[in-house]
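Order-wise, the sequence lines are chains A and B. Read left to right, the first sequence gives residues 1 to 310 (our numbering). Read left to right, the second sequence gives residues 1 to 332 (our numbering).
Just so you know, these hints were derived from the structure itself, not from any lab. Hints may contain errors.
DSBU-like cross-link-like pairs, simulated, lysine-lysine; straight-line CA separation at most 35 angstroms [as the list claims (entries may be wrong)]:
#	chain 1	residue 1	chain 2	residue 2
1	B	K161	A	K131
2	A	K116	B	K36
3	B	K161	A	K116
4	A	K131	B	K71
5	B	K288	B	K65
6	A	K116	B	K163
Across the chosen pairs, the derived CB separations fall in these ranges [as the list claims (entries may be wrong)]:
#	chain 1	residue 1	chain 2	residue 2	range
7	B	L279	A	M109	38 to 44 angstroms
8	B	K288	A	T63	40 to 46 angstroms
9	B	D315	A	P271	46 to 52 angstroms
One side only, chain A facing chain B, incomplete, derived with CB under 7 angstroms [to be verified]:
#	residue
10	G189
11	S191
12	L219
13	V278
Glycine included, every Cβ here is placed at the ideal spot set by N, Cα and C.
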Amino acid sequence: MISDLFTATVLIGIISSGIRLATPYLFAGIGEMFGQRSGVLNLGVEGQMLLGAFTAYFVVLRTGNLFLAVLAAIAVGALMGLAMGFVTIRLQATQGIAGIGFYLFGMGMSNLLFQKLIGVVENINGFPILKIPLLGDIPVIGEIFFQQNLLVYLAFLLIPVAWFILNKTTLGLKIRAVGENPEAADSLGVSVVRVRYFTVVLGGILSSIAGASLSVALLNVFQQNMTAGQGFIAVALVYFGSWRPFGILAGALLFSMVNALQLWIQVLGIPIPSELAVMMPYILTIVVLALSLSKGKGPSALTKAFEREG
Amino acid sequence: MKNLYKVLSVLLVLGLVLAGCTPAEPETSEPVVEDKPLRIAIVTPSNINDLAFSQSISDAMITLKAEMGDKLQYDYSENMFVVDDAAAAIRDYAQKGYDIVIAHGSQYGSSLQEIAPDFPETVFAWGTTVDTFGQPNIHAYEAASDQGGFVNGVMAAMLTKTKVIGVVGPIETGDAKLYIDGFVAGVHSVDPTIDVRVTYIGSFSDVALASEAATTHLSAGADVLTGSAQMVIGAIGKAQEAGAYWFGTQADQTSFAPDVVVASQVYHWEVIFREIFALRGEGVLGGKTFSANLKNGGQVIKINEGLNLDQAVLDKANETIQGIIDGTVTIP
Chain A
1 MISDLFTATV LIGIISSGIR LATPYLFAGI GEMFGQRSGV LNLGVEGQML LGAFTAYFVV
61 LRTGNLFLAV LAAIAVGALM GLAMGFVTIR LQATQGIAGI GFYLFGMGMS NLLFQKLIGV
121 VENINGFPIL KIPLLGDIPV IGEIFFQQNL LVYLAFLLIP VAWFILNKTT LGLKIRAVGE
181 NPEAADSLGV SVVRVRYFTV VLGGILSSIA GASLSVALLN VFQQNMTAGQ GFIAVALVYF
241 GSWRPFGILA GALLFSMVNA LQLWIQVLGI PIPSELAVMM PYILTIVVLA LSLSKGKGPS
301 ALTKAFEREG
Chain B
1 MKNLYKVLSV LLVLGLVLAG CTPAEPETSE PVVEDKPLRI AIVTPSNIND LAFSQSISDA
61 MITLKAEMGD KLQYDYSENM FVVDDAAAAI RDYAQKGYDI VIAHGSQYGS SLQEIAPDFP
121 ETVFAWGTTV DTFGQPNIHA YEAASDQGGF VNGVMAAMLT KTKVIGVVGP IETGDAKLYI
181 DGFVAGVHSV DPTIDVRVTY IGSFSDVALA SEAATTHLSA GADVLTGSAQ MVIGAIGKAQ
241 EAGAYWFGTQ ADQTSFAPDV VVASQVYHWE VIFREIFALR GEGVLGGKTF SANLKNGGQV
301 IKINEGLNLD QAVLDKANET IQGIIDGTVT IP
């Protein structure tokens, strides 16, 4: 029975499902990583995802324009990020609670808007499968990696881009400095407030795109609360990935592929109780975390509000 | 001046005491006949337009409202997945004097057990379950979803060409499990060689995971799919893309994918609630268990007319429905 798992169809299925499932985690996780690296914890990712998902879906429903939908989601995400920034940076509210507040707001607002403006669940034509010429024709590999939709490709491209920004640019240096030692950064002329606003707005934008990837690319539908906790898992993945883009990639892929695996286990009738199968991605993530040797310490100034003295 | 204050305060106290001494209303438990509209409150765990569980109770209320007009007034609290929130809402409604409070979620049982005794005049209805805790003011209702599941299964067995059928379930419990067990039995009653694969994705709301579950089934050879709970819209979407047939439950899912939805098992809870209203009129506030099944019209198989199905399939479906109603067809 377990040998059934090692056929081409199954392996292709598991990996390509894993890639699709990982997409929202990549967007939201990288967004959260930038914010946390600069010292701001944002627990409102789920709310931002839901509002982004609704916004993009609504625009496609009314105009059919996918590009406009993504732009609208970016705008909404930026606004949410700006609001979060104002509350935590300017007003210096406790970051964790403020984030939860935004989560509740995003969830409630997306529910309300959906009920008032649409009211009925229906599907739309979202981003189509974009087959990459030449690469998409390679047997097996082509089918898995190069026959996905645009937002999936963008999510994976985001990882090396985020790595480059964080580690090879002055901006990235400033972000990391502000997150480790904001007082020192401030004394060197870096505007802590500006950097943090930037990362939090960027985080909002990326979370919003994560939600949009669900509603107009992967699932082509909107239902209230459709993210089902993925925003919080994205935040957890930032910790799992030690605040590093490739770490987050590894975490997202591990979690998503094991999820895809457990689906196949159930489909193939391998006698594992469904409750245990469903637990697998979570258990494996915990096990890997416990066994991993390089446990990142995290930005020292995470969750600490910065107040300029003197 | 001091004396004046003393006199005034004594008068005030006297006045309050007298006001509190109005004779008590005579205790009655006779039939509740009144001209005021019937006030109903509903507490449900997901959104009322989820095209599934909560939608079914909302649709029932809309039907009843259309029948009863001004004589019925209802309010609802949706998304009460967390039991504590729901308990607070239920208690709140009872305190506000609603005549009937419907706790539409099997997880609300322990809350009801606590709350119901505090409000002996209020009718509480708990679904989907069979337990009334022996309380005189709790009714229990459930759907015999295995019946509709069986009929769907019979049709699915006749429609599959690859002899592989996929099921996308939420969590292996309650209504979902009942439907799916009935479905599998229905398929095998027609052809025991058909491979029915069941996946429980572990969530009622994870649309992305339901979508991947459907993709997995389709990759593994299924050409007919079914499933339960609101996240199935992810699965229906994939079924539509692949041209695979879909069988729905809890609400009429035809509108979502008119090209592939064959039939939906629709709940008509209003059948039960009409009975509950009548009983309340006679002074019975609880203690009964109701079932929404094919016989009493609480369950209806809504077939998608637009699909122009083979007559043989439709005949077999009607035959099975009649058989279940008559008792000649039993579900294992």
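Restraint check, 7 angstroms cut-off on beta carbons, for A:S191 near chain B: violated (39 angstroms)
Restraint status (C-alpha distance of A:K116 to B:K36 at most 35 angstroms): holds (30 angstroms)
Cβ distance range 46 to 52 angstroms for B:D315 and A:P271, holds or violated: The hinted range 46 to 52 angstroms is violated for B:D315 and A:P271, with Cβ atoms some 38 angstroms apart.
Hint consistency between A:K131 and B:K71 [alpha-carbon to alpha-carbon, up to 35 angstroms]: Violated. A:K131 to B:K71 sits at ~59 angstroms, over the 35 angstroms cutoff.
Hint consistency between B:K288 and B:K65 [alpha-carbon to alpha-carbon, up to 35 angstroms]: Cα-Cα ~23 angstroms, so holds.
Minimum beta-carbon distance criterion (7 angstroms), A:V278 to chain B: Because about 3 angstroms separates A:V278 from the closest Cβ in chain B, which is inside the 7 angstroms limit, the hint holds.
Chain B contact restraint for A:L219 - C-beta distance below 7 angstroms: holds (5 angstroms)
Hint check for A:M109 and B:L279 - Cβ pair distance inside 38 to 44 angstroms: Taking Cβ atoms as reference, B:L279 and A:M109 lie about 41 angstroms apart, which means the hint holds.
Cβ distance range 40 to 46 angstroms for B:K288 and A:T63, holds or violated: violated (52 angstroms)
Restraint check for B:K161 with A:K116, where alpha carbons must lie at most 35 angstroms apart: violated (42 angstroms)
Residue hint A:G189, partner chain B, criterion CB-CB below 7 angstroms: violated (45 angstroms)
35 angstroms limit on alpha-carbon distance, applied to hinted pair B:K161 and A:K131: Roughly 30 angstroms separates the two Cα atoms, so the pair holds.
In summary, the numbered hints that this structure violates are 3, 4, 6, 8, 9, 10, 11.
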